[in-house]
Amino acid sequence: MKKKQYISAILLVFSSFIALATDVTIKDEKKSADLKSEIKAYIRHHLEDTHDFSIGSYTTDDGKKKYIGFSLPVILWDDGLVTFSSGKLKHGKAVHKVGPKYYKLYHGKIYRTDAEGTISYDANKKVINYKPLDLSMTKSVVTMLFTAALMFFMFRSLANSYKTNGSIAAGVGRFFEPIVLYIRDDIAIPNIGEKHYQKYMSYLLTIFFFIWFLNILGLSPLGINVTGNIAVTFGLALLTFLITNLTANKNYWAHIFWMPGVPVLMKFVLAPIELLGVFIKPFSLLIRLYANIQAGHIVLMSLIGMMFIFNNWLGSSLSFVLAFIISIIEVLVALLQAYIFTILSALYFGFAVEEH
Amino acid sequence: MEKLLGEFSFGLFIWQTFIVVGLLLLLRKFAWTPILNAINDREEGIRSALQSAEDARAEMQNLQADNERIFKEARAERDGLLKEAREIKQKMIDDAKDEAKTQAAQIMMQAQAAIESEKQAAVAELKQQVASLSIEIAEKVTKETLADDKKQSQLVQKLLKDVNL
Chain S
217 MKKKQYISAI LLVFSSFIAL ATDVTIKDEK KSADLKSEIK AYIRHHLEDT
267 HDFSIGSYTT DDGKKKYIGF SLPVILWDDG LVTFSSGKLK HGKAVHKVGP
317 KYYKLYHGKI YRTDAEGTIS YDANKKVINY KPLDLSMTKS VVTMLFTAAL
367 MFFMFRSLAN SYKTNGSIAA GVGRFFEPIV LYIRDDIAIP NIGEKHYQKY
417 MSYLLTIFFF IWFLNILGLS PLGINVTGNI AVTFGLALLT FLITNLTANK
467 NYWAHIFWMP GVPVLMKFVL APIELLGVFI KPFSLLIRLY ANIQAGHIVL
517 MSLIGMMFIF NNWLGSSLSF VLAFIISIIE VLVALLQAYI FTILSALYFG
567 FAVEEH
Chain Y
141 MEKLLGEFSF GLFIWQTFIV VGLLLLLRKF AWTPILNAIN DREEGIRSAL
191 QSAEDARAEM QNLQADNERI FKEARAERDG LLKEAREIKQ KMIDDAKDEA
241 KTQAAQIMMQ AQAAIESEKQ AAVAELKQQV ASLSIEIAEK VTKETLADDK
291 KQSQLVQKLL KDVNL
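Same order as they appear, the protein sequences are chains S and Y.
Per the working numbering, the first sequence starts with residue 217, numbered consecutively.
Per the working numbering, the second sequence starts with residue 141, numbered consecutively.
It is worth saying that the hints were derived from the structure and are not from the lab.
Careful: at least some of the hints might be erroneous.
Stated by the list, open to error - With a cut-off of at most 25 Å between alpha-carbon atoms, the simulated DMTMM-like pairs for lysine to aspartate or glutamate come out as follows: (1) K325(S) to E142(Y); (2) K466(S) to E332(S); (3) K347(S) to E183(Y); (4) K415(S) to E142(Y); (5) K325(S) to E147(Y).
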């Protein structure tokens with residue numbers, strides 16, 4: 217009986233999607249040729265960080281594009297601090313005047329323009345307008361702040377529950393405590409060693425949950441893509457790089473510059489390779505996380521887009537099923553990538569403090 | 141690569157670094173340290189509880205062994221006591237018997253002595269009576285046959301012979 221209910225629920229969801237798909241095509245009959253490029257543009261837009269928090273947009277009958285969401289503060293450094301709401305930029309359709317300067321949003325970036333908002337290009341079709349230092353609280357920044365606050369309150373409550381509940385986790389902490397233990401017992405201790413693991417625990421726990429939560433949020437319908445942003449993964453990898461090299465012992469540096477136990481000639485050959493490895497390790501971290509999350513989002517959005525391109529029962533249903541399966545896999549990938557980032561960081565820390 | 145660099149937003153990088161470092165420091169102070177300490181304390185508690193349970197079991201076993209030993213000792217002591225009591229009883233009986241025997245012997249001896257002395261006294265008395273009787277007889281005889289010396293001596297001889305006891 218229950219199974220039947222599930223099936224009918226799924227069918228209901230299916231049929232509504234199909235109905236939506238047909239609805240869209242009827243309306244945009246003329247544009248159907250452009251559908252593919254529109255989806256492509258939409259995906260590209262989704263992957264980028266934006267200056268406002270909008271979860272979707274629609275076109276009204278009189279041809280105006282409306283956005284569902286809210287504006288975020290724009291913070292620029294242009295010979296002094298310049299701040300205004302991103303709503304003033306009207307998604308790139310308006311030029312905002314601050315004092316004597318004009319600003320325009322163009323392909324996700326804010327440029328200084330003239331009163332008409334002219335964007336000039338050079339021979340390689342690159343924008344040559346002056347680009348002020350953009351420290352805006354973008355969608356990604358807001359998401360990260362939200363995640364940070366969520367993590368803080370969640371783990372603070374876990375920490376407090378030990379005091380109030382006689383050393384036993386209570387509430388949501390019951391779910392997270394085994395994960396904290398797993399990171400300690402199966403990631404930190406085996407890779408770093410009993411002696412030194414403690415000083416790295418805070419970092420490993422923080423990045424694991426930070427990446428995991430952001431990955432999961434990226435799969436929510438809010439259209440967030442934080443860990444698929446190269447600046448974010450670069451920042452995370454940079455921290456791993458800095459911690460590895462700043463806490464490294466003599467032995468670690470000896471293995472890089474003067475490899476013990478090999479002929480002198482080999483020492484000279486190995487030194488540059490090992491030195492390169494110091495940078496390649498965190499670089500692989502940043503690329504791995506970025507590429508996995510980015511690729512996941514592209515695949516998932518393409519499959520969802522295919523439902524509208526196929527526009528028939530069979531193709532759209534198949535695309536839906538495929539998108540559904542990929543979504544489940546992406547949930548796994550979200551956890552896996554957080555795990556890989558953490559375990560590799562732990563491994564690099566282990567190299568840094570290894571003793572012989 | 142150029143596309144990647146184009147995507148790189150310095151502002152986001154700055155924000156991200158500040159957020160993560162801030163979060164790291166905050167969580168380290170308010171969450172991770174207390175959480176890990178609490179877990180460590182709990183594990184330590186469990187370990188010590190297990191250890192003390194093990195100790196208690198060992199102690200229990202010791203106690204049991206002790207009890208067993210004490211019980212055995214008590215039983216042995218009881219057996220000893222009983223045996224001793226039995227021995228004492230036997231000894232008392234034997235002693236009593238011995239004493240009774242000696243006493244009986246003594247009494248017998250005394251009795252024998254008394255009998256002997258009585259007998260002596262009786263004999264003495266008898267002898268006296270015999271003597272007096274003899275004198276009487278002699279008187280009588282003498283009264284009859286004093287005339288005949290031979291007969292007289294014969295008579296005395298005969299009398300004496302009869303008197304020999």
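Holds or violated: K415(S) and E142(Y), Cα atoms, limit 25 Å.
Outside the cut-off at roughly 37 Å; violated.
query = Is it true that the CA of K325(S) sits at most 25 Å from the CA of E147(Y)?
reply = 10 Å, holds
| query | Does the alpha-carbon distance linking K347(S) and E183(Y) stay inside the 25 Å limit? | reply | 56 Å, violated
### Query
Going straight from one Cα to the other, do K466(S) and E332(S) come out at no more than 25 Å?
60 Å, violated
Item to check | Pair hint K325(S) and E142(Y), alpha-carbon separation not exceeding 25 Å | outcome: Within the cut-off at roughly 16 Å; holds.
When each numbered hint is compared with the structure, violations occur for hints 2, 3, 4.
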